[in-house]
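Fit chain V to the known structure of chain B by using the hints.
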Amino acid sequence: MTNKSLWQKFIDRFTRISIKIGNQIHLRSLRDAFAMIMPLFILAGLGVLINNVFFPLFLKGTSLANFQTFGNLIVNGTLNIAGLIIAPVVGYCLARNRNYKNALGAAIVSLAGLIVVMPVTLQALPINGKKAVDISGFLSYSNIGVTGMFAGIIIGLIAAELFIKLSKIEKIKINLGENVPPAVSESFLTLIPTIAVISLLAIISAILFVGFHTDLIKLITTLIQEPLRRVNTSLPGFLLIYSVGNLLFGFGIHQAVINGTLLDPVLLINTNKNMQAFAAGDHVPYIITSVFRDTFGMMGGTGSTICLLVATFLFSRVKASREVTKLSIVPGIFNINEPVIYGYPIVFNIPLLIPFVLTPIISLLIAYYATVLGLMNKTVVLVPWTTPPLINGFLATGGDWRAVVVQLFSFIIGVLFYIPFMKISEQVLLKQNQA
Amino acid sequence: MSTKNIMLCCVAGMSTSLLVNKMKKAATELEKDVVIFATSVSGFDQELASRQVDCVMLGPQVSYMEKDFKEKLKDKNIPLSVINMQDYGMMNGEKVLLQAYELMGGE
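So the protein lines, in turn, are chains B and V. Quick note on this note's numbering: the first sequence kicks off at 1 and runs consecutively. Quick note on this note's numbering: the second sequence kicks off at 1001 and runs consecutively.
With the rest of the complex left out, here is chain B (with noise of 0.2 Å):
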């Protein structure tokens, strides 16, 4: 009795905490912007497999090098102004999610912000020359594209969440009494928290430039995203934040409350990164991506409960669970999987709580460790994570076919898996149905 209490105990605490995590308003309009320009990464995961896997099929040397410029044009407005992109829609949605009416501004004051931050002056490497010269005038992309990324989400929450505090101040609007039409006195509305934050902005960013030599995009980058990077996306971090919200989704609670706030943002880095190396043919640097957990770790959805739904239609013989089962086998193929969830149920099923949780671990162990003994290439194309399961290793991968076998392989270990606990909870139900 003791015991039960304790466990709803456990149960109601991780809820609340995890939701207030979800529900903190930067993560959340974090999560949101994500949303908003997710087609531009899939778009250039497009124009990667277009450039690097198709094209390669039936060219070569200089007219491939012409056809893939198509490709490069892609990747410049996509991944190459990754962070100049979510500046903006990160403010716009934090203002959003303030219920601040101007959005718009707020976005604009972002994208200012950002850009100045910038260092003034780069170094460059000319075409054909050897030694890297300093020039001024210029945007880098790599500032302004992924390795900028975190810079962009920072100073766009900052600038955004200034302008907005500072407008909602009724003692620095310019009132220009009643006749001037309403119009007119709008425009002037935002005028001074504008100043101030990009002044702000760009006083600092000249203290760090003039004194120190350096840039908010350096600092930022270097101790900030490169840190919780390493530490999100190592096995470990990366194993542990992930369950810890497949758990949550066992409690009723979507997954992305914790992944989408806590692991995303990094992952879709490592995604990029690879993305961006693939594309210009240089060493592709990590294992776990975000397309690397979507393909792997969530066959048919979160939990890769496709494996839960072959087991149940070969093994069960409880008639609700082969309903349910019915019911769920397509949406499931497209990796969505709230039917099984919450029809199954799952949701406050502790027998199946068990593989919902574990088989992903298990079969991102098994892709991992495939990976890093060479059998099946890295991830570097960003798939829609509705993608069926093996088609989605497929286009991952670069249309690695081994890696269609790695993912078969783990789904077989998956049903094995998910097999007993099945029984576990239909004696459970049995028991349940009968007292």
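These are computed hints drawn from the structure, not numbers from a lab. If a hint is listed, it holds; no wrong ones were tucked in.
Short derived list, chain B residues pointing at chain V, Cβ under 7 Å:
id : residue
1  : I19
2  : R96
3  : G252
4  : P331
5  : Y342
Glycine is no exception: its CB is placed at the ideal position from the N, C-alpha and C atoms.
Same frame as chain B, but now just chain V:
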């Protein structure tokens, strides 16, 4: 009896769109004059601003947004409710439709 507009909302608007189809089917059978559509949590504001909404149903996986969304709906007097987990899982269109009608005050 005027047309009712029911908005369903979940993380990406994917699994609720499944339910929307089931609800539409139930609506035809029950001869209800109703428009039902699904959206994502991040698309909530935009949908709310751009079209007529008479009632909002949240997927249980985003029940944590209930308080926040209710606040946003208060001025407009639009009722909101979280869909029952069981009905959601079984994609029981009829039950959720009736829950929505109850929320809008019968008819």
